[in-house]
Each structure stands twice: as C-alpha cells, then as structure tokens.
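Undergrad: Here is how the chains run, residue by residue.
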Amino acid sequence: MANVTLRDVRKAYPNGFEAIKGVDVDVADGQFCVLVGPSGCGKSTLLRMVAGLETITSGEIDIGGRIVNQIEPADRDIAMVFQNYALYPHMSVYNNMAYGLRNRGMAKPEIDTRVQEAARVLELTPMLERKPRQLSGGQRQRVAMGRAIVRQPKVFLFDEPLSNLDAKLRIAMRVEIRKLQRRLKTTSIYVTHDQLEAMTLADILVVMNAGQVEQIGNPLDIYQKPATTFVAAFIGAPPMNLLPLRDAGLQLQGASGEAGILGIRPEDFQVSNGAVPSGGVALGLTVEAIERVGAETYVYGLRAQRDGEAAVSAKPGELPPGEILIRVPGQTGPAIGERITVAAPRDKLHLFSADGRQRIAL
Amino acid sequence: MVEQEGIQRYLAHVVLWIGIAIVAFPVYLAFIASTQDNAVIANGQMSLLPGGHFLETYYQTIFVGTSGSTREPVGSMMLNSLIMATLIAVGKIAISIISAYAIVYFRFPFRMAIFWVIFITLMLPVEVRIYPTYKIVADLHLLDSYAGLSLPLIASATATLLFRQFFMTVPDELLEASRIDGAGPFRFFWDTLLPLSRTNMAALFVILFILGWNQYLWPLLITTRDDMQTIQIGIRKMITTTDALTEWPIVMATAVLAMLPPVFVVVVMQRLFVRGLVETEK
Amino acid sequence: MQKQASFQSKLLPYALVAPQLAVVLIFFYWPAAQAVLQSFLLQDAFGLSTTFVWFDNYRELFSQPDYFAAVVRTFVFSFAIAFSSLSFALLLAVMADRPMRGGTIYRTLLIWPYAVAPPVVGVLWVFMLNPSLGILARGLRDMGVDWNPLLNGNQAALLVILAAAWKQISYNFLFFLAGLQSIPKSVIEAAAIDGARPMRRFWTVIFPLLSPTIFFLLVVNIVYAFFDTFGIIDTMTRGGPGTATQTLVYKVYVDGLLGGNLGGSAAQSVILMIIVILLTAVQFRFVERKVNY
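Residue numbers (this note's numbering), protein chains in the order written: chain A, 1 to 362; chain B, 1 to 282; chain C, 1 to 293.
Just so you know, the hints here were simulated from the structure itself, not pulled from any lab data.
Wrong hints could be hidden among the right ones.
[Unchecked claim] So these bits of chain C aren't anywhere near chain A, every CB distance computed over 10 Å:
| # | residue |
| --- | --- |
| 1 | Ala22 |
| 2 | Tyr58 |
| 3 | Val126 |
| 4 | Leu180 |
| 5 | Asp255 |
[Claimed, not checked] Listed next, the in silico SDA-like pairs over lysine to any residue satisfying Cα-Cα at most 20 Å (straight line):
| # | chain 1 | residue 1 | chain 2 | residue 2 |
| --- | --- | --- | --- | --- |
| 6 | B | Lys135 | C | Val254 |
| 7 | C | Lys185 | A | Pro89 |
| 8 | B | Lys237 | C | Pro241 |
| 9 | A | Lys348 | A | Gln270 |
| 10 | C | Lys185 | C | Leu91 |
| 11 | C | Lys185 | B | Arg9 |
| 12 | A | Lys348 | A | Ser272 |
| 13 | C | Lys185 | B | Gln8 |
| 14 | A | Lys225 | A | Ile204 |
| 15 | C | Lys185 | A | Gln83 |
| 16 | A | Lys108 | A | Leu128 |
| 17 | B | Lys135 | C | Gly256 |
| 18 | B | Lys237 | C | Leu150 |
| 19 | A | Lys154 | A | Leu180 |
| 20 | B | Lys237 | B | Thr223 |
| 21 | A | Lys131 | C | Ile206 |
| 22 | B | Lys135 | C | Leu257 |
| 23 | A | Lys131 | C | Pro184 |
| 24 | A | Lys131 | C | Phe207 |
| 25 | B | Lys135 | C | Asn261 |
Beta carbons are placed, not taken as given, at the ideal position from N, Cα and C, and that holds for glycine.
Full structure from sequences and hints, please.
TA: Written out as structure tokens, the structure reads:
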C-alpha cells in the first residue's frame, strides 16, 4: 500500500521533443487514478515512467515515500497489466503467474497458495495448465491481472488493458476491475483514451493533452466544472457544444466584451417556447438531422449564422461551426426542417476565455 | 528501461566493436598484405600498416597474373565469375517465377506432384551429386562452358518457394479485378504480378548472385581450361604447398578483389539482402 | 495452398513449369538417381564390366575404419563449428538488439562476411595462421605454443573449425537479430517488472522464445559444416595432415578423384544424401511449429 506522487515530472527525447511537460499528480493510498486523454497526449509515457520502463528527464516520482527515479522496475514493487497482456507465451498460466514470485525467491508452497487464490478469484482455475495461445482474449486479460495480483504490490499500473476486447466484454471487465481494486485496496493508476471508462473507474481523474495536465479532480467535478474547453469537449458524451460568446446574444457579467467561448452540454438544453430563462441563453435552430436511439433523441440543429463569425474551429469528431447538438429524452422530438428555440439556464452555462484555457466563473 | 543506462550501454558497444574487429581482422590483414613486398611478408616481418605497393600489385594481379601456377590475370577470372554468377541468378529467378506462377495460379493435373518434385530439390546441395552431374555435363559437351557452369546450380527450388509464398500473399481481388478488365494470364503476370514482385526479385538476385560468385567445388570440377576459371578457383591455385613460391601480395590482392563484388552488393543492398535471406529460409 | 482465383488454361501451366522441371530432372534427379544406382554396382579394375552387388559397397564402407573416422570427424566438426559460431553470434545479436545509435552501422559492419567465399576464407585464415609467416601464428609461438597445423592434425582441425565458424557468424547474427526483434518488447518489460534481472530475463524468457530460431540455425549450421566447408578445407589443409581434416564430403571428392572405386564413392554420396534429407526433414517438422504471441 502506498501513495504515488509525481512532482514536476518532465520527459524530453534526445531530438528535443518534450513528451511530458511538467506534471504534478498526487494519488493517495488506495485510490484509483485514471489518466485519460487522446492518442499521443503522453499518458502511456507517464505510466511507463512510473513503472521504470522510461527514463525521467527531470522531476521526481515518489512511491510510498521513496523516490524511485533511479530504481529499476524490478525493485519498485509494482505490477503492470499491458494492453496486449504481454503474457509469457512459452509458460503455462500457472507459471505466468508464478514467475514474478519465483524471481523473488518465494517458497513453493506460498507461491502455490497465492496463485491458486488469484486463479479462484479470477475464475482461471480450470485453465492453469494451458498456454496463452489456447486462451481467448478475455481469459488472457484475466491471466494478466492474475499475474499482477499475486505479487501484492504497492501499486497497480494498467496500460489500456481493455482496448483489445469487444465492447460487451469491455463493460463487464470494467466493473470487475473496479470491484477487485476496491477489495484489494491497492493504489492503482489506469491509462485509457476512453472517457467513459475514465469516468466510471476513477476516484481521481487526470485529463491530459499534449504532455500536460489539463485538469485533475473527481470525475463528476470535472464533468460539472471543466477547466478548459479541451476538458469540456473531451469529457462527457455526446460532447459539449462550444460557441463564440457573441452568438448567444447575451451580456454576461465578467465577460470581456464579446470575446470568450460559451459551453453548453446537449442534455442541458430544453426545447422552449421562446421564453429566455433569466440570466440564461436561448438559441434559434433549424433542425438538420435527428437520431433516435430509443432512450433518447439527438437533435442536430443549425444556428442562424452571423456575418463575419469567427467560429470555434471544428476538429474531427466535433460539430461543424454553426451546428448545435441537443439531447431530448424519450422518442418524441421536432421534425427535420422545423424551426425551434432551445434554452439553457444560467447555472448550466460554462464560460471560457477566448483561448479556451481558462474557466471564467459566472 | 532505467537499467539500460550507464554501464550496460557501454558494455554493449564494447562487445559489438570486439565482434566487428574479429570479423574484420582477417580481411584487413589481407588488404595490408596486398600492399606490401613479398620478401617482407615471407620473412614474417609484415607490419600492420599499408605498404607502398598498392598500385603495382593490383595492376599485376588484374592484368598479368602470377608467375607461378596460373598465368591467368585475375581480371579475366573475375569476368568469368561475373558471367557465371549473373547467369545463375537471372536464370534461377526466371524459371522459378514462372513455375511458381503456374503452381499458384493455375489448376491442372499433377500440380501438387510437380510442386513436390521441385520442392525436394531443396534438400540436396550440389556437393552431394557431383560426380554423376559431372558425367552428365560432360556427356552434354558442356564442360568448360558458361552453360555447364550455371545450369546445375539453377536446379534447386529456393527461388520457387519464395515466389510461391509471395504469390500466396497477393490478394485474390487483384486477379479478379484484372480479369474483369479483360486481362488473360500473360497480361496479369506482366502488368500486375511482375511489378509487385520487384523487391523479392531484387532480394533474390542479391542472394543468388553471391551464391553463384562464391561457388567453388563445381567450377573446380568442370573447368579444365585456364581461361574459363572463376576467381575462386584462381585463388585456390595460387596457394601452392611450398611457401617460398607463393606470391603473397598477389594472392591477397586476389582475395580482396574476390571479395569486393559480393561485399559491395551486400552492403549497398543491405535491407533487400537481409529481407531476402530471412524469407528464403522460412 | 491454392488460390481461390485461378486461370483455366490447359497447356500454359505446363509450359510455365517446363523449364524448371527440365533443369531439375536433368541436373538433379538424373544425377541423384545415377548416384544411387552406381552405389549398388561394382566396376572391375579396367572399368569394363559392372556387376550388381546390392549393398556390398555400403558394407565395405562401414567396415573401413577410415570411413567411420570421417563420419565421426564430420559430426564433431559440425557441432564445434555450430556451437562456437552460434554462441558468439547470439552474444553479438543480444548486444545489438538494444535501441542504440548507429544500430544500422553495426549491422552493416557485421553482416558483410556472409559474402566472403569459402576458398577466400581459407586463404585469409591460412595467411594468418601460417606457421612461418602468419601474424597470429607468431603470436601463438610467442605464447609458447608449438603451432604447426601442417604436422599437427588437431591443430589443423582447429584451424578449419575456426575459419568455418568465423564465416558463419554474420549469417547467424542476422537471424538471431531478426528473432530477437520479433519478441514483443512488452513481454520483456513484463519480465522486468516481475523482478527478473537482465541475465535471468535472458535465460527464462528470451532464450526459450528464441528456440525456434536456435533450432533452425543449428540445422543450417550443421548442413553448412557438412558441405560448404569444402572450399575452406581444400584451400587450407586439403584434408590433411593425413586425413585429420577430411570430412565426408571431402572424402567423396578425394576418393572420386583418385578414381577406381566409383561404386564406393557413389555409396558415400548416397549416405550423405540421406543424412541431409534427414536433417532437413527434422528442420521442417520442428520449425514449422511457430510460437504464437
């Protein structure tokens, strides 16, 4: 059991590229910390630095009060679950799990106890004598976890362990991992690019982008109060609508003129009859497309354009400028081509500076 | 990993350089010897640095030959080797690629039998059947000819296997699209398959060329005339049993020259070569 | 084995395989068959009449201590060459497998010896270890070793083994490097996290996963030692002193050259054929079972 602290950790490659640009994270003992972000943001690199698989250019990594920068992975008392499981192909499931314990000179009977117990918990007992190539993806994943559990390390590290599983299995395993961690109370650091996984698993969530931490906090706090437009758009699906302030037609206190970016989540809109909630926002939309998924309906609407609009630029996966997405519960909703007004109350509004890097309180 | 830093890294470099030294030393020595004076060498006094006889030794080697066993200038021997190696490489590639094409892309009776017949030739190198092969070549009046030098060495399946494996990885859709476009077997082969096979052919060429260039036993047997000798035979004949007669600088110069073409090919076509090597052996 | 899509020509496929079949039949099967046939025959001293003697030639071979010695010698050489060449090549490959600057340069500098022909190898090594003027020979003498491979059979054998192993280093190195690079890095990392130090990692994870490559190379090296060393032997020792470096293939050559016993020479060839076929068959059967990751 131990906490993990990262102090101003940086990593630069010989060619000058800075993969990690100064990260501070504090994971308390027993907490489940999730590093989330798009591909290339550095989350895996950061995890591997904690593991000792990558070197640290500057800063400190502290595990259980001990600075581990120069300590080899073998001596850090950590265990890791890899994305492709990295099982030893030539060893049986039993030996895969026993390997780490043998390396530490543990006595045979104790090894056996631990391996059998882990196998029981993960429902691997009938497969102990099989080789990895005889197992399915889900089974291999469990063996990878078993290998980590038997070590009873100070910290668990997960590098996108569920990415290679099909959707259904992924959801089932997600729950299992969380339950397991709660039982074992081992400090865990988990890397994923899937914001849903991040939200459901994390005690403490670290949102990363381009080598930097965008925001750290409780998942729901981050959801309700994203610190930057990046976090706002990344966390929560469907993604938050971001629009230039002046389009909303609202004089907001504290906003510097008409610069600034307004964020409103799709589920925070109501189809209104034209009334503008006090301090809130109303937008006129022409319905462009409708997606009914059963429990709810997504309505894509086009805002009335303004001349010379310098819209928030659309990145892949985002709505093109001028388009708003709202979510309506149930299966009814407006028809295509219909002109509707949608409104959001003030307490559901998010305001950011023009560069998107700061949250402005309303 | 953290532990990769520091001493382990230097150790790796050191070991590698020792390996390179061991591998390069004999050749370096040969080069040095080829630039020194014979008397000095014969006395065992040779230094480790190049001497001054580079130009004259190499000139003599290439154009004149030794005064001892063979009067054949190395230049002409290298030409023989070049012709033989090229014939082998090109010949083998040519007959193998069309064979593989037939076996993979056609259905016909005895297809599998023919494949196995060709496949089994992988097993026996020429050294195992030298005397009967010699008799046959002699009976065909192919002694002392380029054909006789090359044909028996073309008779093995490595290239066919490689092409077959490669063709198996070519998507069926290509053939189907080709057919829809009205292409028959020839067009498909010439327009589609052949361009795709270019890298494989190049890699094979490198390997086969080296193989052909380095052939020794077979050319030894079937060449009787001095002017048909390959350079490998030449170099062998220069080493006589009595040291006193061996003109070491010329011998070493010949060795260096004998190594140049294949080494050059390997170094320049390194990536292709490595790939071809790894592929043919699977 | 067969593609789904194929052509339906009747005659064309035969035309396409004809050249290779012709060459193969004339220059491979016919001589091989001849060799087998001849091994069952006995020619009289003048080459005038031949009699079919079944396995007499073979029996005679096996009763010759000379032949038996050659068999043993060849196997000993093979294993010595294979073992020394493989170990050194493995060491180099392991060192070169790290991510390091100049990786390609190392590879280039280590693979070119593949291109050196056996006779040239022989010449190079003879030069270095020639008793009177070889540089290494001088060094050996300075160390008090009485170095004379022209007279000492064991030293001659050592000479051949060294030269042959030297030549094979780059080939083995290449394959080992490829084999090492096909092991997923994450498995090695997992082993490191599991508490295994570099040496332990090597013996418990890397070496087992490399075993298909090792096995393959072992067979290749043995076949190489059986046959490709001909050029080395012919330039260095010519089988001598006496028969100290006479391997099976060299014996076939010498016995055939001296003429006379064509049957015996053919029998030797056939035995060699069988050995090679066995080795290759073993290799195919075992190497085909690849390790899946």
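Undergrad: If a hint holds in the structure, say so; if it doesn't, say that too.
TA: Against the structure, the hints:
Ala22/C, annotated as away from the interface, keeps every beta carbon of chain A farther than 10 Å; the closest lies near 44 Å. Distance check for Tyr58/C against chain A: the nearest CB is about 43 Å away, which clears 10 Å, and the non-interface claim stands. With a least CB separation of 44 Å from chain A, Val126/C remains clear of the 10 Å interface cut-off, as annotated. Leu180/C, annotated as away from the interface, keeps every beta carbon of chain A farther than 10 Å; the closest lies near 15 Å.
The beta carbon of Asp255/C sits about 46 Å from the closest Cβ of chain A, which is more than 10 Å, so the claim that it is off the interface holds. For the suggested pair Lys135/B and Val254/C, the alpha carbons sit about 16 Å apart, so the restraint of at most 20 Å is met. With a C-alpha separation of about 13 Å, the suggested pair Lys185/C and Pro89/A falls inside the 20 Å cut-off, and the hint holds. A hinted pair counts as satisfied when its Cα atoms are at most 20 Å apart, and Lys237/B with Pro241/C qualifies at roughly 19 Å.
Proximity of Lys348/A to Gln270/A is assessed by CA-CA distance (about 11 Å); at most 20 Å being required, the pair is judged to hold. Restraint check for Lys185/C and Leu91/C: the C-alpha separation of about 18 Å stays at or below 20 Å, so the hint holds. For the hint pairing Lys185/C with Arg9/B, the CA-to-CA distance comes to about 18 Å; that is within 20 Å, so the pair holds. With a CA separation close to 15 Å, the supplied pair Lys348/A and Ser272/A stays within the 20 Å bound.
Taken as a hint, the Lys185/C and Gln8/B pair is honoured in the structure, with Cα atoms around 18 Å apart against an allowance of 20 Å. Among the hinted pairs, Lys225/A with Ile204/A is consistent with the structure: their alpha-carbon atoms are about 14 Å apart, no more than 20 Å. At most 20 Å may separate the alpha-carbon atoms for a hinted pair to count; Lys185/C and Gln83/A meet this at roughly 12 Å. For the suggested pair Lys108/A and Leu128/A, the alpha carbons sit about 16 Å apart, so the restraint of at most 20 Å is met.
Annotation: proposed proximity of Lys135/B to Gly256/C holds, straight-line Cα distance about 12 Å (limit 20 Å). Of the pairs offered as hints, the one joining Lys237/B and Leu150/C holds, with about 18 Å between alpha carbons and a cut-off of 20 Å not exceeded. Pair hint Lys154/A plus Leu180/A holds up; C-alpha atoms about 15 Å apart against a cutoff of 20 Å. At most 20 Å may separate the alpha-carbon atoms for a hinted pair to count; Lys237/B and Thr223/B meet this at roughly 13 Å.
Annotation: proposed proximity of Lys131/A to Ile206/C holds, straight-line Cα distance about 17 Å (limit 20 Å). For the given pair, Lys135/B sits about 13 Å from Leu257/C by alpha-carbon distance, which is consistent with the 20 Å threshold. Using a Cα cut-off of 20 Å, the hinted pair Lys131/A and Pro184/C holds, with the two alpha carbons roughly 17 Å apart. Between Lys131/A and Phe207/C the alpha-carbon distance is near 17 Å, which keeps this suggested pair within the 20 Å criterion.
Between Lys135/B and Asn261/C, the direct Cα distance comes to roughly 15 Å. Compliance with the 20 Å bound is thereby established for this hinted pair.
The structure is consistent with each of the numbered hints, conforming to all of them.
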